[in-house]
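Asks: Residue numbers (my numbering), protein chains in the order written: chain A, 1 to 350; chain B, 1 to 271; chain C, 1 to 294.
Errors might be hidden in some of the hints.
Here are the simulated lysine-lysine pairs, DSS-like style, with alpha carbons at most 27 Å apart [stated by the list, open to error]:
id, chain 1, residue 1, chain 2, residue 2
1, A, 208, B, 135
2, C, 136, A, 112
3, B, 104, B, 72
4, A, 315, B, 135
5, C, 160, A, 208
6, C, 281, A, 208
7, B, 255, A, 208
8, B, 183, B, 212
9, C, 281, A, 112
10, B, 212, A, 208
11, B, 104, A, 208
12, A, 112, B, 159
13, B, 213, A, 315
The set of hints was computed from the structure by calculation and includes no laboratory data.
Listed below, chain by chain, are the residues.
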Amino acid sequence: MEPSNRRGWPYYLLFLAVFILFPFSLFQYTKYILFLVNMTAIGVIGALGLNILTGYTGLISLGQAAFMGVGAYTVAILGTKVGLPMWINLPAAGIITTLVGIIVGTPSLRLKGFYLAMSTLAAEFLLEYVFKNWESMTQGVQGLFITPPRVFGIHINNDRVFYFLSVSLAVLGVIGARNLFRTNVGRAFIAIRDRDIAAELIGINVFKYKLVSFAISSFYAGVAGGLWCYYMTIINPEAFQLSISIDYVAMIIVGGMGTLFGSVYGAIFVVLLPEAIQRLMEVLQPVLHMEYTFAAFKQIVFGVIIVIFLVFEPKGLSEIFSRLGNRISNRKGKEAIQDGSLPGSRNTKG
Amino acid sequence: MSILQQLKHKDKIQPHLEIHDLSLHFGGVQALHQVDLEVPRGILFSLIGPNGAGKTSLINCISKFYEPNAGKIIFNGREITPFRPHAVARFGISRTFQNIELFKGMTVLDNIKLGRHIHLRSGAVAGMVYLGKAKREEERLEEFIDREILDFLGLTPIKNRVVATLPYGMQKRVDLARALSAKPEFLILDEPVAGMNREETQDMITHILEIKKAWGLTVLLIEHDMEVVMNISDWIVVMNFGEKIAEGTPAIVQKNPEVIRIYLGHAYSET
Amino acid sequence: MDLLIQVLIAGITIGSIYSLIALGVVLIFKSSGVINFAQGSMVMVGAFITYALVVQFKLPILLSLALTFVISGLMGMVIERFVLRYLSGASLISVIMVTMGISYILDGGALATWGSSNFTYPKLFPSFSIQLGGVKVSSVYLWSFLTSMVLLVVFLFFFKYSKMGLSMRAAADNQKVAVVLGISARRVLSLTWIITSAVATAGGILLASISALHVNLSYIGLVVFPVVILGGLDSIPGAVVGGLIVGALEAIAGVYIAPYLGGAFQQVASFAFLLIILLIKPYGLFGTKEIERL
Chain A
1 MEPSNRRGWP
11 YYLLFLAVFI
21 LFPFSLFQYT
31 KYILFLVNMT
41 AIGVIGALGL
51 NILTGYTGLI
61 SLGQAAFMGV
71 GAYTVAILGT
81 KVGLPMWINL
91 PAAGIITTLV
101 GIIVGTPSLR
111 LKGFYLAMST
121 LAAEFLLEYV
131 FKNWESMTQG
141 VQGLFITPPR
151 VFGIHINNDR
161 VFYFLSVSLA
171 VLGVIGARNL
181 FRTNVGRAFI
191 AIRDRDIAAE
201 LIGINVFKYK
211 LVSFAISSFY
221 AGVAGGLWCY
231 YMTIINPEAF
241 QLSISIDYVA
251 MIIVGGMGTL
261 FGSVYGAIFV
271 VLLPEAIQRL
281 MEVLQPVLHM
291 EYTFAAFKQI
301 VFGVIIVIFL
311 VFEPKGLSEI
321 FSRLGNRISN
331 RKGKEAIQDG
341 SLPGSRNTKG
Chain B
1 MSILQQLKHK
11 DKIQPHLEIH
21 DLSLHFGGVQ
31 ALHQVDLEVP
41 RGILFSLIGP
51 NGAGKTSLIN
61 CISKFYEPNA
71 GKIIFNGREI
81 TPFRPHAVAR
91 FGISRTFQNI
101 ELFKGMTVLD
111 NIKLGRHIHL
121 RSGAVAGMVY
131 LGKAKREEER
141 LEEFIDREIL
151 DFLGLTPIKN
161 RVVATLPYGM
171 QKRVDLARAL
181 SAKPEFLILD
191 EPVAGMNREE
201 TQDMITHILE
211 IKKAWGLTVL
221 LIEHDMEVVM
231 NISDWIVVMN
241 FGEKIAEGTP
251 AIVQKNPEVI
261 RIYLGHAYSE
271 T
Chain C
1 MDLLIQVLIA
11 GITIGSIYSL
21 IALGVVLIFK
31 SSGVINFAQG
41 SMVMVGAFIT
51 YALVVQFKLP
61 ILLSLALTFV
71 ISGLMGMVIE
81 RFVLRYLSGA
91 SLISVIMVTM
101 GISYILDGGA
111 LATWGSSNFT
121 YPKLFPSFSI
131 QLGGVKVSSV
141 YLWSFLTSMV
151 LLVVFLFFFK
161 YSKMGLSMRA
171 AADNQKVAVV
181 LGISARRVLS
191 LTWIITSAVA
201 TAGGILLASI
211 SALHVNLSYI
221 GLVVFPVVIL
231 GGLDSIPGAV
241 VGGLIVGALE
251 AIAGVYIAPY
261 LGGAFQQVAS
271 FAFLLIILLI
281 KPYGLFGTKE
291 IERL
């Protein structure tokens with residue numbers, strides 16, 4: 001929770017200015033950076049959804065990518081076959097994915113822990129199978145092309161235009177999630193994660209709330225998938241396979257499960273990592289003469305990072321940053337005490 | 001009508017809670033065997049007996065954590081046996097836990113807010129939007145808890161502390177606060193002063209009696225501290241091996257030879 | 001009817017390999033409560049190491065096999081010592097993801113070392129084939145079936161009667177108490193991972209002998225989960241029986257159902273089957289049910 005900090009408003013204004021003006025800058029790499037930001041924004045929305053389900057409610061899902069696929073195909077099919085406009089398709093993607101989530105969740109949520117994870121794994125494979133084989137709807141492995149809709153005359157998949165859409169939706173997503181956990185529904189989720197039996201006994205209908213968590217998570221996944229479809233303009237089943245689901249789980253683990261900004265940090269990390277590796281390999285290639293393919297190296301680095309985080313900092317980046325933040329503010333507090341601007345009592349953050 | 005009169009006229013007024021013929025077994029172990037109980041409205045009703053007597057099993061049946069194998073539980077004249085656990089809480093029955101069972105990663109305030117969950121109406125969408133319905137509800141909730149729970153139990157200074165950082169006695173108090181937050185009519189307390197010293201026990205009992213009086217609660221108490229039980233109970237039921245073996249006012253139960261035998265051994269029952 | 005029998009035989013023979021691999025997963029779970037998502041990768045790497053020793057280094061077969069088991073055993077020990085040890089008591093998702101991370105490292109390493117082509121596997125066993133119910137069954141399948149059965153019996157006895165086996169079960173059940181009783185949880189866990197790696201390697205060699213050698217062999221680590229759930233996560237006989245049943249089911253699905261539904265349905269069939277099991281009997285045929293206490 002941000003403290004209401006009157007003195008902070010110039011910073012907010014600055015951020016807002018940068019946010020609005022950056023896409024129009026003439027910096028050489030602007031387009032590339034916009035691309036990265038757009039991919040990250042999509043990742044943030046997907047990761048928020050997964051974090052609500054897994055980080056806050058404690059329900060493991062290995063199927064987030066498949067649900068994104070449902071959203072993506074919904075947008076594509078509604079756009080190309082039915083000809084509906086974007087402002088209907090995108091919410092529809094969320095809603096249809098929510099319905100699929102409820103259908104998958106209703107039998108699965110009676111299961112716990114590993115068994116629930118397995119049923120989401122099965123859902124992932126079965127949905128992938130549907131994407132590949134329901135060719136009349138999805139065009140199978142060939143892929144489905146869409147003509148991106150226009151906003152103010154420009155195609156939505158233009159990096160600049162998409163940036164405003166995706167980042168706004170990502171911010172809305174964060175705010176929505178933050179609000180959720182200030183109210184009884186969000187608290188119920190956390191209670192279910194911590195002690196689900198006690199939660200049931202104090203009056204929380206655990207099954208219902210698990211389903212609600214699944215529904216919200218699916219909605220986020222659907223919207224993320226819809227955005228992906230609009231940005232990529234072509235979607236195929238490969239974009240929604242198990243490895244992508246694992247990417248999302250990695251996002252929330254590296255970022256910090258059960259924290260809002262964990263989803264943001266994790267998405268940034270997982271999106272930027274392959275890019276960083278690519279650049280690194282381009283630099284090292286002439287020097288080291290390695291035959292290593294990008295895929296192999298990326299896999300190894302990804303695996304190593306996951307293992308390192310889980311062994312050394314299972315609470316993820318948000319914990320690391322929060323500790324750093326505490327150290328800085330403690331030092332400031334010490335300095336303030338020493339130079340007399342603050343009376344003796346120390347402010348310790350909890 | 002005074003408690004004593006009420007106790008005498010038990011058959012004529014509908015009891016707050018009735019248990020008929022309740023049986024429960026786990027595999028080969030019989031936890032409860034045809035137990036009958038009647039708890040009149042507004043009294044402090046104690047359940048005592050050695051460990052394994054079936055006391056916690058009994059209240060776990062009331063909460064529906066366990067599904068009884070036979071028998072009925074009737075609350076306010078309505079049979080609640082077929083209902084799921086979260087529904088039982090909605091009928092106005094709240095409880096504390098032997099092992100506390102608080103949500104340790106959350107703050108004291110959030111735990112107490114969760115106690116009041118059954119009265120909160122905002123759904124997921126309203127929650128995510130927050131401004132408007134959900135915000136008002138949260139504000140009213142905080143106001144209620146500040147006014148009626150935190151202050152009364154002396155929890156205001158620690159309301160934003162994470163439960164896991166609190167000492168045992170405080171956690172017990174938060175458990176009570178959570179149960180009270182729902183403003184129940186029937187309060188089940190499972191060993192509320194277990195592991196507490198004299199002073200903490202005194203505090204806790206004072207709080208329990210005060211709130212019972214202020215809110216007109218019926219209290220079902222499980223406790224091992226005999227001094228407490230004998231001092232504050234209106235009626236006591238003694239259990240052993242899953243059966244009710246004695247009941248009555250403290251004075252009567254104290255003199256029951258069977259009860260003496262269970263607690264103090266054969267030699268004493270002869271006196 | 002003839003076709004059905006042939007399909008069943010084909011399915012059961014492949015199923016015996018599933019059993020072998022599932023055995024590795026059950027072993028780790030039984031001894032440490034960890035669910036090993038890296039089993040498939042260990043299978044694949046085991047097969048590749050043997051290949052490297054036999055084909056690339058041109059060592060004699062028996063020596064290669066011995067060396068492979070030593071190397072993979074070391075690999076298992078390293079995984080336990082440097083990774084899993086720090087995650088004792090961690091949440092389920094942490095454990096799943098850490099083994100997933102390990103599988104990524106193994107897969108990436110194999111991909112980097114050998115690339116993504118198909119390799120023909122060297123003939124490691126005397127090859128012959130026998131006629132079984134009208135189906136020509138090659139010796140590889142017989143070897144794998146035999147190996148599964150032998151290991152089943154060995155591990156059953158091991159866990160039930162041997163001192164080390166009992167210690168393992170105790171350590172898995174309640175680590176703290178086990179330590180108090182003098183059971184070195186560390187030694188138990190190291191040993192478990194060494195054994196599992198060896199089992200995985202055996203599975204890998206057999207699997208590569210049947211199909212080709214390719215880094216994608218690690219996918220078998222996923223197929224194994226329907227087996228483990230059907231059989232029961234903590235049941236050794238369950239792993240074996242489950243493997244055979246899932247193998248048979250996949251074969252049947254491939255022949256009878258796939259033509260109608262299209263695509264590679266047999267891969268998904270086991271997961272559709274998994275869903276059904278989860279709905280009816282999540283603890284599987286022989287698994288022990290978990291009970292919650294308040």
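Asks: Against the earlier hints, flag every one the structure doesn't satisfy and list their numbers going up.
Replies: Hints 2, 3, 4, 5, 7, 10, 12 and 13 are the ones this structure does not satisfy, whereas the remaining hints hold.
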